[in-house]
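Engineer: The task is simple: from the sequences and hints, build the whole structure.
Sequences listed follow chains B, C and U, in order. By the working numbering, the letter at position 159 of the first sequence is numbered 159, and the numbering carries on one by one without gaps. Take any residue in the second sequence, count from 1 to its spot, add 253: that is its number in the working numbering. Take any residue in the third sequence, count from 1 to its spot, add 554: that is its number in the working numbering.
It should be emphasised that the hints constitute simulated quantities derived from the structure, not laboratory data. Keep in mind the model is a prediction, meaning the values are calculated, not measured.
Partner residues are not named here, just some residues of chain C that face chain B (Cβ under 7 Å, in silico):
id	residue
1	Val305
2	Ser306
3	Ala308
4	Pro350
5	Leu351
6	Ser353
7	Ala354
8	Pro358
9	Tyr401
10	Asp404
Listed below are the simulated BS3-like cross-link pairs for lysine-lysine, each with C-alpha atoms no more than 27 Å apart in a straight line:
id	chain 1	residue 1	chain 2	residue 2
11	B	Lys63	U	Lys607
12	U	Lys770	C	Lys528
13	B	Lys117	U	Lys607
14	B	Lys63	B	Lys117
Chain B residues, not near chain C, derived (Cβ > 10 Å throughout):
id	residue
15	Thr11
16	His14
17	Tyr21
18	Glu22
19	Ser67
20	Lys117
21	Asp154
22	Gly166
23	Arg179
24	Leu198
25	Ser200
26	Pro203
27	Ser205
Here a beta-carbon is modelled for each residue, glycine too, at the ideal position from N, C-alpha and C.
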Amino acid sequence: MAGLEQQPLLTDGHRRDGRAYEEFRNVFLNTGVISQASGSAYAEFNNTKVMVGVYGPRQSERKVGYSEQGRISVDVKLATFATRQRGVFGQTPEERELSALLATALEAATNLASFPKATADVYVLVLEAGGAELAVAATAAALALADAGIEMFDLVTACSVSRAEGALLLDPTTDEAAREEAGLTLALMPACSEVTQLVSRGPWSSSQLREALELAMGGCAQLDALARQVLKTAAAEAATRRQQEAQRQAQQA
Amino acid sequence: MAAAAAAGQVDADTFRRLYPDDYLRKFVEQGLRPDGRPLAAARPTSIGLGAVSTADASALVKVGSTTALAGVKCEVVPALPEAPDAGRLAVQVEMAPLCSATARPGRPSEAAQVLTEQLGALLSSVVDARQLCIDAGKAAWAVYVDIYVLDADGSLHDACLLAALAALSSLRLRAVSIDESGRVQTGAAAQQQQQGEQLAGQQERQLALSCLPVSSTCGLYRGRLLADPTAEEEPLLEAQVTAVLDESGAVLGFSAGGTAAVSQAVVVQCLEAAKMRGKEVRAMLQQALQQAGLAADAAAP
Amino acid sequence: MERTDGRSAGQIRTVRCERGLLTRADGSAQWTQGGTSCLASVTGPTQSYASSKEDAERATVDVVFRPRSGLAGAQERQHEAVIRRACEAVIVAALHPRALIQVVVQVVSDDGGVLACALNAACAALLDAAVPLRTLCAAVSAAQAEADGGLLLDPTAAEEAAAAATATFAFLPLLAGGGGGGQDGTGSSDGLQLLTSQTRGRLSTDQLLDMMEAAKQGADRLAAFMQQSARQAAGPLAQ
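Structural biologist: Here it is in structure tokens:
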């Protein structure tokens, strides 16, 4: 056990899980996973598994008062078994911070004026935390918002980059992130190339930062293509279902 | 009869939202449910084991759209002075806010607490806490079974119990060793150490379950029984009956509640239905365990 | 078979019901069954304190269950849910749309069968508060003894602890239709139907059904007692 911690993360151009430096883990995205929600999405990046449910837009809670614009309220929780050390049921400060970061990443991409006085509740549950939770959650949450039919300027995709042992690693795992010298998480609206959230950790030189940002933007673009594909497939399926329904009704009539 | 008059003018989806009771009644009168099931049929059920690698054991159960994820975490804890030869089993059901439109973040809802209480009592009779003892009076296992409801589409008790049971039957308690200074090691390191020196501790082992209880919920609607009701049907039911039976047919829990009383005949019918459903679900569990390369040792009759 | 307190297996402990003990509540009752006693109070129908609890069609029922000592935990929440559902079944809730009926049950002493006692206390308090009721419900607890498999009605705490299984049942006495309110006295126990069931422990199907049947007999006697005490309380009004 102790041996693994001292072993290098990188050996001849490959990471511990066999990936190249600029390669994603196996990505799986899906929408419409929660029957009760207005919109929902599930994202799995190997060992990072995140489920998002969107409810609303619905009446804001009384305590938040009147607002001309719509609100996005984000609540992130890690399941107690999501981490190596067992977590707690109540919300920890880290989870509150994640919620706030995620809210800003999504707000900029959502047309808040389209649901004045109302709130869209975005509930995120991390089933397993295997690294880059914020990025995976942001990608999944944007998909869920789109699935809920909430007006957005663009999808949001996000990815993390870590600098460890002198190399830039895309989509780091928990082990890699734990030993990073510096890292960043970028949330992007890929079609209009606008950044909605950038979280940076540790020291970056400006040239390194530029390189890392480019890598992250490339990653976001890759995810965007996949996310759009998922939404298109879901829409096509829904259309076929509707058609079949209409046909059946016509037959009955 | 405003409902009937309006029926001609609105499409099915609007009718469903405006007059949920009439909508359901029209189906039930034809011997069907809104999702196309016959009255006595449960929804398709699936059990996935080991979905979460950070948990010591985990199971994802889907009954129709209802989804529950159970994860088990084990910790070595000092034995309690009042029960030196027993470990602890803690069960908690969390209705994650994403599971339904009424769930909110924060304090657990009443529904979640009731489920926690019911499942806690049930599972403590399934797992003998004495087998969680590592070294009497010194160390014991604390087994935390946390069940997250991910999609609350009715009959949560059934799905949660099945998820917890599946996770527990696939659980392997790690090898553990304790040296003289009280240092605890688990996993492969413990196994090595144990071979080297004679230390207190235990080999890796599976948990023995005294029985495999399966829960089955039925709803009473206009005098007819609906098996495995959905979230849409639940608020319209006059009464809900949940029976928990094990493989020998013994009743481990029987709860009924609602705004109407149920007759003796209905009670008997529910028990019969639970017996049938139990057989079906246990076969599914066996299959899932076999696929995962584990056999439930409690399954031997 | 005789029990430690001299009762026969199917015998319920001495029941006492006092009503109108609390002056600030709209209705109250203390239900005592041997060493177990619960005090219930009812406030309402009154305005809901939270709009989320309002129902435009009927009155909502809110139940608070307080243990004898300490804070309420998951078990108490479960009791609350059971009592609430039972109250909802007996109250004619459609008469008071948007209103709230609050029931608070305080355990005074606990010597077994506390949920059944609380249910009976809540029912008696609703009656005392003159909340329109459809019928009365009667709750009885039962235990399956570990040693000889004997069935014990209304077990004490010691009997519960030694039992293989315990259960609480509530039944709706089906009163004779019309405004008579049961002129035929108690009626036969065939008329009783199961409203609430909570079991704990291991039972065979037959044992469960036997237990239910025995509890029904007990509930029948309790229902008779309830009706009698209601008539006494109504006093001159009843004539």
